[in-house]
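> Protein chains in written order, with the numbering used here: chain A, 1 to 380; chain B, 381 to 760; chain C, 761 to 1142.
Hints may contain errors.
Below, computed lysine-lysine pairings styled on BS3-like, alpha-carbon distance capped at 30 Å [claimed, not checked]:
| no. | chain 1 | residue 1 | chain 2 | residue 2 |
| --- | --- | --- | --- | --- |
| 1 | A | Lys-273 | C | Lys-990 |
| 2 | A | Lys-273 | C | Lys-987 |
| 3 | C | Lys-785 | C | Lys-773 |
| 4 | C | Lys-785 | A | Lys-273 |
| 5 | B | Lys-619 | B | Lys-756 |
| 6 | B | Lys-648 | A | Lys-273 |
| 7 | A | Lys-376 | B | Lys-648 |
| 8 | C | Lys-804 | A | Lys-376 |
| 9 | C | Lys-1034 | B | Lys-654 |
| 10 | C | Lys-1034 | C | Lys-912 |
| 11 | C | Lys-769 | C | Lys-793 |
| 12 | A | Lys-196 | C | Lys-785 |
| 13 | A | Lys-273 | C | Lys-912 |
No lab work stands behind these hints, which were simulated from the structure alone.
What follows is the residue order along each chain.
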Amino acid sequence: MQLLPYTENHHRFRARLRKFLAEEVVPHVDDWETDHIVPRDVWKKMGREGFICPALSKEYGGAGGDFLHSTIVIEEISRTNHSGLATPLHSDIVVPYIESYASEIQKRHYLPLCASGDVITAVAMTEPNAGSDLVSMQTTAEADGDDIVLNGSKTFITNGINCDLVIVAARNPLAGNPHKAISLYLVEDGTPGFEKGRRLEKMGFHSQDTAELFFNDCRIPRTNRLGEDGDGFYMLMEKLQQERLVCAVMGVAAAEQIFEWSMRYCRETAGPKGPMSRSQAVAFALVEMSTDIKLGRTFLDKLIAEHMAGEQIVIETSMAKYWTTDLAKRIADRALDLFGQGGTLETTPPVRAFRDVRVMSIFAGTNEIMKGIVAKFMGM
Amino acid sequence: MEIITYTSEHHTFRKRLRVFLENEVTPHVDQWEADHIVPKTVWQKMGAGGFLCPSVSKEYGGIGGDYRYAVIVAEEMSRTRCTGLAASLHSDVVVPYLDSFGALEQKRKYLPGCVSGDIVTAVAMTEPDAGSDVAGMKTTAVEAGDEVIINGSKTFISNGVICDLLIIAARDPGIASKHHAVSLYLVEAGTPGFEKGRQLEKMGWHSQDTAELFFNDCRIPKGNRLGENGSGFIMLMQKLQQERLTCVLGAVPAAEMILEWTVDSCRKLLRNGKPLIRSQAIQFALVEMMTEVKLGRTFMEKLVMDHIEGQNIVIETSMAKYWTTEMVNRIADRSLEIVGEVGTLESCPIVRAKRDVRVMSIFAGTNEIMKGIAAKFMGM
Amino acid sequence: MFELTRSQKEIQKAAQEFARGEFDKEVTVDLEKSHTYPTEIWKKAVELGFIGIQFAEKYGGGGLGILDACLVAETLCRKDSTMGSALSLASFGAECLHRFGDEKLRGSFLPRVTEGEILTGIGLFETERGDDFSVLDTTAVRSGEEWVVNGKKRYVINGGTAGFYIVLCRTGETCDENNGTSMILVEAGRTGIGCIPLGDKLALNSVAIADLTFDQVRVPMSNLLGKEGKGIAQARAFLDEVKILAAARAVGIAAGAFDRALAYVKQREQFDRKLAQFQITRHKIADMATKVELARLITYRAASDFDTGKPDPAMSAMAKMAAARMAVEVSDEAIQLFGGYGYMTEQEVERYYREAKTIELCLGTRESQKDRIADIVIGKLK
């Protein structure tokens, strides 16, 4: 039974994308990992082919597809075993804020550029002292005539160096209710007072230009606010279901890729008694990995179908985010065991994956936050 | 998204069954647990209600229903927490051998009784020295004129005491190839030389009359063989997919029941004057269990549909059998731990559940066998 | 067994002070990036007697036991997993020389190790599995008064930087546990040795690991280590010994990750409370503390058995397996408690996590340890 209604169009889209990635991305990922950034022209090439913002309506320059197209992009990029080309974050997490909440003028201005890859976006929520706890955010947005003045700093911002447009969450210091104090603002790169800080060194995601961002009396026009004043928190909540689902797609896709490498390696590598996969311990490990992945995949596919049908599945997506990202971590950990000492070398593909997937259970709300959300929504 | 699509007939069937079980089964379960057997009359009542062998065609008294009915029966039976009334075993594991491989005469003779509950069936594969290793079976079947003489013993036979008709696997000692030596035979209770041994005392499944069976020069007509001579192994293999799936149908609802009870208990039980459910650690444990149960259920439902569609899902059903039966054990363990000392008393429903579910990862092929099968079919 | 002796406590304290004074995370990160061995710190560790502490005094060692070496390794790794590991591995393989070498060989090489003149290396395996003796194609053939060594060894620690290598070679026709293989000491300066560095690694980049090739490498007859024919048996005994040290490093790494996580949760506030006030955090900390303590116990037990003349190969394997797994789990949880910061190089725990995983992958994975344990526990079947 197919849980997801993939059409011929989707299959062609996947085939085209896979070919594109094999030619334009895979040969370069090792360099990008060393450079700690992905060149901007790859974004433009991808945009030209219609692989960026695949679900954005054609009216605004998108490909007019659906969330299955997005899923395909996330899955195929996962297979390239690198993290820098974060188009899914751009297409399926950041741009939807603009699509849903920006004014018509802003949409006409920004969306076509987002779809073409000329504008790379980022979303800035996390702060040094406000990670999963958004309410305690300290970046302020104060009205001054027709301007808004932003002050504060953000950290762990994906696409932090490459970004041309950032959606910044900031708090009105005058608002009483903390949940009604936050608004989202569009800040363009180059705006005086907006400074990109150092690129952060991390365990993995080496080709990803995660950075700190600073705002010192950064003035933007008041019209750069997305939606109504104080609606930021509500907008974030509204979009989190898709964000978590995107993480779950990444988790499952990474696990599948790592499993594929492991299975191939164990079949092709000789152990003391025939191919390694003939060892009972290895075979059982592979079966257990595969089983967990199939469970994750089935659950994920069901949730994608429900999400596309517009169902409210905040509990299930939170569950899926935590379970599938833990899954990816578990699979990577187990895979390295199968590679033995080869699992200590960076030339072994699952090693990079091992370093990369570790962050999945932390970003987009730690897995502990996910469990807390489920508990809350289950009325505990 | 509903994965299993039920028709109004299915819903009506479920509703009727639930009422029946509430009236005729649930009130008596504690007694049956003490008696270590379920009275035959309940089987007959269940048959009269049309709840046995729904897959058997109308011609023989059944309703010719699909496997969705098996799901309904398994789920509703789970709610009664009665292991003795092994309707799923009878309807979805044993009778299908007769239905699929029986000769017209055999079907005419036995199927109506199976549907009405006048004939309770059992299947005898396991032997004292051949558990999961079917090929190591020692019970022999030797042809003598128009008869077949069976010698040997079987153990761990569900419905062993109550059964009227037995499907037994035995081997022709004249055939060397283990895989071509096994045939299946129908043996009626009361046949001279067929003796029901002692009822086995066990950790759980107290209302289930699991027993040993003995065959000493037990003569049956040659016409009692199911299918071709030597095709026993192939028949077993063919039916194992459904057998394993039926185990999954037992495990997932059992896990759901246990969890429901645990969540409920956590709302009521107090620790330091506070309901347990207000504790963060308890909440996280419950969320983790709920997530696993949901993953299991989603996987189960997809496999049910694949099975109905006639797909070959031997890998996935083996995976599901091991994963869900391990899962239900984990859930039972963790639940007991959470409720604390209450969980040491038989009056606590989870205690019986824990005793009952423990065998699930052992019967119908241990979980290690399941992993071995998956490994084999995955080409390892 | 449950109480360290006074001298052991003093060793711990000395190691702590040394680490506090010498280790610097910025330096570590730079060395890791440039793949450079911490030579200066190593020389200082030598001065304080931390290198070869378990070797006899007449060779410049500390005359102490494996338990003492474990305490040093654990303490150093706890302060800095990379530095601690790099120093613990300075004399990797020299254990064989100490145990099996004759007086002359020991006398001429061990002092150079304990005096910090050379690092050491050992080449046992020819596949990616750190315990696989089934592939053994490197040969040492007699030629006059010399051995001629030919072949290739994989994943040699300090490969390319060591002063000598101990190489497991075929020296006979048949090859099994007790026949046909021997250990030969090959000085790094001999002609015919090639070194293929293995490039970037998951962790511990400051320690060189390379494949070594031997092409008609000639060494004197007297470089035979231990008994001819007993190479594999000696190698197993060596592994049983160094697995205990690996376990100790794992315990140190876990304890170090734990220390950092503990300090962080006591200081970090989210949702108007310290992280350490959330029950889920408290339970994580409790789990971590329990795991570290369990692993430490079995590690000390294995070390103590070894020192009291009752080396137990099963216990060594158990300690290595349990401690490495524990270290992966504890450092993983430490990352989680740090949240996004845990993933950043700056907070160190991610490096601890990678190093813990490396310990699990070297000297045989968990499957290999289980094979070894089962062989011993189950014994020969009738």
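> The structure should be examined with respect to each hint, and the outcome stated for every one.
Going down the list of hints, with the structure as the test:
Restraint check for A:Lys-273 and C:Lys-990: satisfied, since their Cα atoms lie roughly 23 Å apart, inside the 30 Å limit. Between A:Lys-273 and C:Lys-987 the alpha-carbon distance is near 28 Å, which keeps this suggested pair within the 30 Å criterion. A threshold of 30 Å between alpha carbons decides the hint, and for C:Lys-785 with C:Lys-773 the separation of about 20 Å falls inside it, so the pair holds. A threshold of 30 Å between alpha carbons decides the hint, and for C:Lys-785 with A:Lys-273 the separation of about 44 Å lies outside it, so the pair is violated.
Simply put, B:Lys-619 and B:Lys-756 have alpha-carbon atoms about 18 Å apart, close enough for the 30 Å limit, and the pair holds. Proposed proximity of B:Lys-648 and A:Lys-273 is contradicted: the alpha carbons are some 57 Å apart, above 30 Å. Distance restraint check for A:Lys-376 and B:Lys-648: the Cα-Cα separation of roughly 18 Å lies within the 30 Å cut-off, and the hinted pair is therefore satisfied. About 56 Å separates the Cα atoms of C:Lys-804 and A:Lys-376, which puts this hinted pair outside 30 Å; it is violated.
For the proposed pair C:Lys-1034 and B:Lys-654, the alpha carbon gap of about 22 Å is at most 30 Å, so the pair holds. Using a Cα cut-off of 30 Å, the hinted pair C:Lys-1034 and C:Lys-912 is violated, with the two alpha carbons roughly 55 Å apart. Distance check on the hinted pair: C:Lys-769 and C:Lys-793 sit about 34 Å apart at the alpha-carbon level, beyond 30 Å; violated. For the suggested pair A:Lys-196 and C:Lys-785, the alpha carbons sit about 26 Å apart, so the restraint of at most 30 Å is met.
For the given pair, A:Lys-273 sits about 21 Å from C:Lys-912 by alpha-carbon distance, which is consistent with the 30 Å threshold.
Consistency note: the structure conflicts with the earlier hints numbered 4, 6, 8, 10, 11.
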